[in-house]
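Colleague: Using the sequences and the hints given, assemble the complete structure.
Position in the sequence shown (from 1) plus 1024 gives the number in the numbering used here.
Simulated from the structure, these hints should not be mistaken for lab results.
The hints are all genuine.
Here are the simulated lysine to aspartate or glutamate pairs, EDC-like style, with alpha carbons at most 16 Å apart:
| no. | residue 1 | residue 2 |
| --- | --- | --- |
| 1 | K1240 | D1205 |
| 2 | K1271 | E1259 |
| 3 | K1066 | E1217 |
| 4 | K1066 | D1049 |
| 5 | K1320 | D1279 |
| 6 | K1075 | E1218 |
| 7 | K1075 | D1184 |
| 8 | K1074 | D1184 |
| 9 | K1074 | D1187 |
| 10 | K1075 | E1182 |
Ranges between beta-carbon positions, derived for each pair:
| no. | residue 1 | residue 2 | range |
| --- | --- | --- | --- |
| 11 | R1264 | R1108 | 34 to 40 Å |
| 12 | T1084 | G1125 | 31 to 37 Å |
| 13 | S1290 | N1353 | 22 to 28 Å |
| 14 | E1050 | S1223 | 20 to 26 Å |
| 15 | S1290 | D1187 | 26 to 32 Å |
Idealized CB from N, CA, C, for every residue including glycine.
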Amino acid sequence: MTELDDAIDVPQGADRPDLAGLTPDELSSLVVELGGKPFQGKQLFRWIHKKGVTDFSAMTTLPKPLRAALAERTVVSTPEVVRRDTSSDGTTKFLLRLADGRQIESVFIPDTPSQTFCISTQVGCAMKCGFCLTGTMGLTRHLTAAEIAGQVRVLARELDFLDTPFNIVVMGMGEPLHNYDATMRALQLVGSEEGLHVSPRRVTLSTVGVLPGLQKLAEEPYMPNLAISLHATTEEQRDRLVPINRKYTLAQLMDACRRFPLKKRSRITFEYVMLAGVNDTIEDARRLVRLLNGLKAKVNLLPLNEAAGIPYRRPSDETVDAFAQVLANAHITVSVRKSRGRDIRAACGQLAVEKPAI
1025 MTELDDAIDV PQGADRPDLA GLTPDELSSL VVELGGKPFQ GKQLFRWIHK KGVTDFSAMT
1085 TLPKPLRAAL AERTVVSTPE VVRRDTSSDG TTKFLLRLAD GRQIESVFIP DTPSQTFCIS
1145 TQVGCAMKCG FCLTGTMGLT RHLTAAEIAG QVRVLARELD FLDTPFNIVV MGMGEPLHNY
1205 DATMRALQLV GSEEGLHVSP RRVTLSTVGV LPGLQKLAEE PYMPNLAISL HATTEEQRDR
1265 LVPINRKYTL AQLMDACRRF PLKKRSRITF EYVMLAGVND TIEDARRLVR LLNGLKAKVN
1325 LLPLNEAAGI PYRRPSDETV DAFAQVLANA HITVSVRKSR GRDIRAACGQ LAVEKPAI
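Modeller: This is the structure:
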């Protein structure tokens, strides 16, 4: 976690350990304490994370005395599906309730070209980006590793993907590097060979640029693809759109990107939400070219997904195309992201939930 973690709500500690947030080795140690064998900890991990089974009585490869001890002394937290909405384009948004009654949203995006799960890392978000509906919620609390990884388990179970490859984008509610430790532990859980075994090549983590977290990420053994939420080409512009820039400047962020270790054939993705009359001019595009000079980069242009309470507008298709052409002429790989799930408020920047009564 970072110094931004001031006075926020956190989930109350449980009387019993939550198995959903433990690694295979940690489960093996726990199982031994309960009288079992070390290999049964790995079996337990597979039941939870690979098969999506959380009922101890159904874990038939484990001996009955061990199952009884687990049922008495531990829990397996799993986000509960409250509502499931499907867009006209096939995108599905899940409203999930956590154990303390808080709610988050996760999204399934089909045919992208792979199947993709978009997961959240916080209840709300502290970054307050001016064009993002999630930012209007403020930050209620961080999610635990069990709650982050639990979204993947739930979506895989609900969509019958437990044995089907899929991608993960950590781009839902919250700033992943603001909840660093829980986010990275969750990715290790979903990446474990004993579970869903999602390769880091299939995972993309998006950050607005929390630099202490970005520097730690550069040293992680489980290294997801990196996406930078940029959205501006000058310090003044980014101060206004992405307030964290007042702490970690655009210049510092670009320097960190230049020092970030990339695997062969890997690139950093720069996400750029386009706002009509704000950051969508040809001069903005030319400045973006200069910012990315020398970087192994690709750019995703995201015309704004408008929402009530957001004081910006979506630019015209002609403006977006002209902006993209400047980048393409400079030999920068550029794509214009097609908005998915806009009709169910599941598109980028549209995730937000009402605060439930606790």
